[in-house]
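**Student:** Given next are the chains, with one letter for each unit.
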Amino acid sequence: MSYIEVNGLKKTFTVRKKREKGKLLREKQTVEALKGVSFSVEKGDLVGYIGPNGAGKSTTVKILSGILTPDGGEAKVGGKVPWLDRKEYVKHIGVVFGQRSQLWWDVPIIDSFSLLKDIYRIPKTDYDNRLKELSDALQLEELMRTPLRLLSLGQRMRAELCGSLLHRPELLFLDEPTIGLDAVSKLALRDFLKWENREYGTTVMLTTHDMEDIAALCSRVMVLGHGKKLFDGKLPDLLEKFDTVRTVSVRYDSDVLRIDMPENVKCEHKGEEYILTYSPAEFPTSRLLKALQDAGNIREMTLQPENIDHLIASMYKEMDL
Amino acid sequence: MRAYLTVFRMRMHMELQYRGAMIGGILCQMFFGIVLTALYRALYAGHPQAIPIEHVVTYVWLQQACFRMLVSSDPDLLDKIRSGNISYDMCRPVNMYWFYYMRIMAQKLMGSIMRGVPMIVVAALLPKGWGIAWPHSFAGFCAACFSLVPGLLCMCALENITMGFTMRTLDPRGIQSMLNLLMVTFSGNLLPLTLFPDSWQKVITFLPYAQLLDAPIRLYTGEYAVSEALRIIPVQLGWCFALTFLGMWLWKSNKKRMIVQGG
Numbered sequence: 019m020s021y022i023e024v025n026g027l028k029k030t031f032t033v034r035k036k037r038e039k040g041k042l043l044r045e046k047q048t049v050e051a052l053k054g055v056s057f058s059v060e061k062g063d064l065v066g067y068i069g070p071n072g073a074g075k076s077t078t079v080k081i082l083s084g085i086l087t088p089d090g091g092e093a094k095v096g097g098k099v100p101w102l103d104r105k106e107y108v109k110h111i112g113v114v115f116g117q118r119s120q121l122w123w124d125v126p127i128i129d130s131f132s133l134l135k136d137i138y139r140i141p142k143t144d145y146d147n148r149l150k151e152l153s154d155a156l157q158l159e160e161l162m163r164t165p166l167r168l169l170s171l172g173q174r175m176r177a178e179l180c181g182s183l184l185h186r187p188e189l190l191f192l193d194e195p196t197i198g199l200d201a202v203s204k205l206a207l208r209d210f211l212k213w214e215n216r217e218y219g220t221t222v223m224l225t226t227h228d229m230e231d232i233a234a235l236c237s238r239v240m241v242l243g244h245g246k247k248l249f250d251g252k253l254p255d256l257l258e259k260f261d262t263v264r265t266v267s268v269r270y271d272s273d274v275l276r277i278d279m280p281e282n283v284k285c286e287h288k289g290e291e292y293i294l295t296y297s298p299a300e301f302p303t304s305r306l307l308k309a310l311q312d313a314g315n316i317r318e319m320t321l322q323p324e325n326i327d328h329l330i331a332s333m334y335k336e337m338d339l
Numbered sequence: 192m193r194a195y196l197t198v199f200r201m202r203m204h205m206e207l208q209y210r211g212a213m214i215g216g217i218l219c220q221m222f223f224g225i226v227l228t229a230l231y232r233a234l235y236a237g238h239p240q241a242i243p244i245e246h247v248v249t250y251v252w253l254q255q256a257c258f259r260m261l262v263s264s265d266p267d268l269l270d271k272i273r274s275g276n277i278s279y280d281m282c283r284p285v286n287m288y289w290f291y292y293m294r295i296m297a298q299k300l301m302g303s304i305m306r307g308v309p310m311i312v313v314a315a316l317l318p319k320g321w322g323i324a325w326p327h328s329f330a331g332f333c334a335a336c337f338s339l340v341p342g343l344l345c346m347c348a349l350e351n352i353t354m355g356f357t358m359r360t361l362d363p364r365g366i367q368s369m370l371n372l373l374m375v376t377f378s379g380n381l382l383p384l385t386l387f388p389d390s391w392q393k394v395i396t397f398l399p400y401a402q403l404l405d406a407p408i409r410l411y412t413g414e415y416a417v418s419e420a421l422r423i424i425p426v427q428l429g430w431c432f433a434l435t436f437l438g439m440w441l442w443k444s445n446k447k448r449m450i451v452q453g454g
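Note that the protein sequences, when read in sequence, are chains U and H. With the working numbering applied, the first sequence corresponds to residues 19 to 339, in that order. With the working numbering applied, the second sequence corresponds to residues 192 to 454, in that order.
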């Protein structure tokens, strides 16, 4: 049996609509946030969980962290059902909600940490060692006496992460941990997560909109849309499915009147530049190059890098999300 | 257990930071104390009542000094419920009800000590008939202090019920203004319960609100004999259990219908 086993998980929310004219009661509308999601995760895995806004990612995380009770289906983490024995279960998990804060706004972060120490009943020496280790890795030492309200977003996120890991959770849920962070903070956060996973075998489940997070961290990715699981596998496999077109831009020494290209190659002319979009599967790259060379003297040519966000956008589009 | 004590200590410590609010609160409550005292003195000048004026004035000052205990909600907790930050507290291995209970208690206790102690000192220095009188007897004073404990526990339980309702309505204002109206009326903050008609008193002294401050204050002024504490304290404890039980049930049923909105 896997560490996390989720089977046909369902969650419905009831939303009351605005009362329509002439009607006495407001109409109720049910929104199916999860329509039977199943997956399993092994211990020590680093899993990315992606999908457009409103796909049900956070709902899954909230159910698995014991906050919400699902309407149907089952889930077991390390043999325990999260929502049934909440108090016992949550001792072994850590959660970071990127948009929320667990530390006290008006008090130094070290005080919030020592409250967490008492909440999780961490022995003193263990706590001291762990705090030292985490504050080194997350560069928090100088911020310990600062109240949370004075920290920048990046500093705060590092402090939040430290707070969630003090009790050495076996399983860590990260709900958009890199939201609003600058490049340096993001890279540091990713390095840290990789280190934590490698060092302690912490299982990590990460939801994000930042595809770089997934590419840098996750060996496996699950795509969720409209409350259903649409893909489960390795990121390169996912990309390969949708990564079908290439874009090349070319400049010539002198004006070129016309480039001979078959119909399945899109050719745009912008100023001096020609932008060609083609699919290597339909039209081999070598033939494209030959055609380009035949048209004139090439001064400059660039192959535009694949943009992971574009890929995901086209994937969502194709999956009708 | 440690966690509950730590959260209590931390919240007390945090309250100490809000010294501006403390000064504002003291000034406001001093103003009300003086105005109400003047009002009752004028009333007595025209039409003396059965209860001595010193008792009424002492009652008013003690009520004003403890105002913070009666009607104040921890803005952080309400904000957590509104914003959904409560979800962090829900993934902690603690009992949510008692965890919040301790925070509420710390805030109420520290808030009223910070405001109440200076106010009582000032009110004790006012001329006789305007300020606080000495307790009726030493035993009465001890009984009053003792019955303040179940009073405080009742107040925290009531506040936690407000929290429980806020989880359903998401906005505390409706339930708060309704409960606060009941609170200031039936706790004796607006008008000392001793001045209510006798027939009314038979009922309102049994309501939970009368257990908070009214009972301790009457023990202090000697209106209730010390021996009556044996009758009062069981009533207080009874309400303590009932309100706590109600709050816990509310929290538990909230857990099942919990929705955390947004993100």
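These aren't lab readings, by the way, just hints derived from the structure by calculation. Check before you lean on any hint, since a few could be wrong.
[Stated by the list, open to error] In silico DSS-like pairs for lysine-lysine, Cα to Cα no more than 30 Å straight-line:
id : chain 1 : residue 1 : chain 2 : residue 2
1  : U       : K53       : H       : K271
2  : H       : K447      : U       : K35
3  : U       : K105      : H       : K443
[Stated by the list, open to error] Here are the in silico distance ranges between beta carbons for each label pair:
id : chain 1 : residue 1 : chain 2 : residue 2 : range
4  : H       : G429      : U       : E159      : 49 to 59 Å
5  : U       : K41       : H       : L361      : 56 to 66 Å
6  : U       : L171      : H       : Q392      : 35 to 45 Å
7  : U       : K259      : H       : D267      : 43 to 53 Å
8  : H       : G365      : U       : Q47       : 15 to 25 Å
9  : U       : E159      : H       : L218      : 38 to 48 Å
10 : H       : H238      : U       : K105      : 52 to 62 Å
11 : U       : E160      : H       : R359      : 35 to 45 Å
12 : H       : L361      : U       : E38       : 29 to 39 Å
Owing to the predicted nature of the structure, the values given are computational and were not obtained by experimental measurement. A virtual CB, placed ideally from N, CA and C, is assigned to each residue, including glycine.
**Student:** None of the hints should be skipped; say for each whether it holds.
**Tutor:** The hints, checked one at a time:
Proximity of U:K53 to H:K271 is assessed by CA-CA distance (about 29 Å); at most 30 Å being required, the pair is judged to hold. Between H:K447 and U:K35, the direct Cα distance comes to roughly 22 Å. Compliance with the 30 Å bound is thereby established for this hinted pair. For the proposed pair U:K105 and H:K443, the alpha carbon gap of about 13 Å is at most 30 Å, so the pair holds. A hinted range of 49 to 59 Å for the beta carbons of H:G429 and U:E159 is consistent with their spacing of about 53 Å.
A C-beta distance of roughly 24 Å is found between U:K41 and H:L361, which places it outside the suggested range of 56 to 66 Å. For the hinted restraint 35 to 45 Å between U:L171 and H:Q392, the CB-CB distance of approximately 57 Å leaves it violated. The hinted window of 43 to 53 Å between U:K259 and H:D267 holds, with their beta carbons roughly 47 Å apart. At roughly 24 Å, the beta-carbon separation of H:G365 and U:Q47 lies within the given 15 to 25 Å, and the hint holds.
Judged by the Cβ atoms, the range 38 to 48 Å given for U:E159 and H:L218 holds: they are separated by roughly 42 Å. Our hint of 52 to 62 Å for H:H238 and U:K105 holds, since their Cβ atoms are close to 59 Å apart. At about 43 Å, the CB distance of U:E160 to H:R359 agrees with the hint of 35 to 45 Å. For the pair H:L361 and U:E38, the beta carbons lie near 23 Å from each other, so the given range of 29 to 39 Å is not met.
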